[in-house]
Amino acid sequence: MVIAVAIVRMHNLFAAVMLSGIYSLLMASIFVILDAVDVAFTEAAVGAGISTVLMLGTLSLTTSREKIHVRPSIIPLIVVIATGGMLLYGASGMPEFNNPDAPIHQHVAPRYINVSPVEVGVPNMVTSVLASYRGYDTLGELTVIFTAGVGVMLLLGRRRRVKKDPVASSDNTAKNDPDAPEKNAATPEVST
Amino acid sequence: MAWLGHFNYWIFVFLMMAGFYTVIARGNLIKKIVGLNIFQTSVFLLYITMGKVAGGTAPIVPEGGSEGVVYSNPIPHVLILTAIVVGVATTALGLALIVRINEAYGTIEEDEIQDIEESGDKKERAT
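Sequences listed follow chains H and L, in order. Counting along the first sequence from 1, when you hit position 22 you're at 22 in this note's numbering, and nothing is skipped either side. Counting along the second sequence from 1, when you hit position 44 you're at 1044 in this note's numbering, and nothing is skipped either side.
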């Protein structure tokens, strides 16, 4: 919680990214306490590891200082407080923490817990549900990752080709307009 | 102790609003992505909280047999595993977009990009 506030207030982006790594790691330990060991593994590896590396890479390609704003941010604050109030009101209707009679534990969960070690043969129920009962979810997840990978490659692969070409060092499309001065390449009409 | 029963939900709401505020109030694009991550993690916390059962353990069958062992609910864990991976894919895509934006505009501040856009429009109209 404290770290989240620090991230929001931090103007040095490098420190904010580092703090978000620490935040992910803390979240992973909370997941261990809440019995979700698989989720904690993934969060520690992906949230604290890969995300931080990706963000550091982006910082090295861009800048690590945030501009300090003086503009008032009252409206976002009001929106956030209103939404938070509504969420708190909604959360008060949730079943209590730790309650084994909550509706979420009544539907298919008992079946998974009782039968899945026999049906699938894997002692880890999370694995058997993920790969067997909800296998289509995992397939969809892979589709999402594939799409994201293709997107990143399209976005960054184009850039690399531009960098190799020293004549048009500003932008690909600038080549179409030889009269455009170097400075114009930074304007939106050429960089679409 | 009734008021303590929803303590995790309060933390969830607080974290989610912190992330939400970062996304809508900050002009820096990388800061927005970090805020989005906080937002996501708060949702993970909500799901995992719902799956916890008093006296339960991680949903893995121990070697000696499982008589009398209480497990936490595995379904939210599965859903959140998927969500974490999808989240990092989204983050990667967003960061790649930021890198491209920085190349095209030379800045990652929202209002500066807006200024460049507007001045470009004016230039276009003048010619």
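Source of the hints: derived by calculation from the structure; they are not laboratory data. In this text the structure is predicted, and so the values were computed from the model without any measurement. The beta-carbon is built from N, C-alpha and C at its ideal position, and this holds for glycine as well. Mixed in with the good hints, there may be bad ones.
Said to hold, decoys possible - Example chain L residues on the side facing chain H (calculated, C-beta under 7 Å, incomplete):
no., residue
1, Leu1036
2, Phe1039
3, Ala1058
4, Ala1092
5, Gln1114
6, Ala1126
Stated by the list, open to error - Across the chosen pairs, the derived CB separations fall in these ranges:
no., chain 1, residue 1, chain 2, residue 2, range
7, L, Thr1090, H, Pro76, 45 to 51 Å
8, L, Val1070, H, Leu142, 46 to 52 Å
9, L, Asp1121, H, Ala82, 30 to 36 Å
10, H, Leu154, L, Glu1124, 39 to 45 Å
11, L, Glu1124, H, Phe14, 35 to 41 Å
12, H, Gly93, L, Glu1124, 49 to 55 Å
13, H, Leu61, L, Ala1054, 53 to 59 Å
*Are there hints from earlier that the structure breaks, and if so, what are their numbers?*
1, 2, 5, 6, 7, 8, 10, 13
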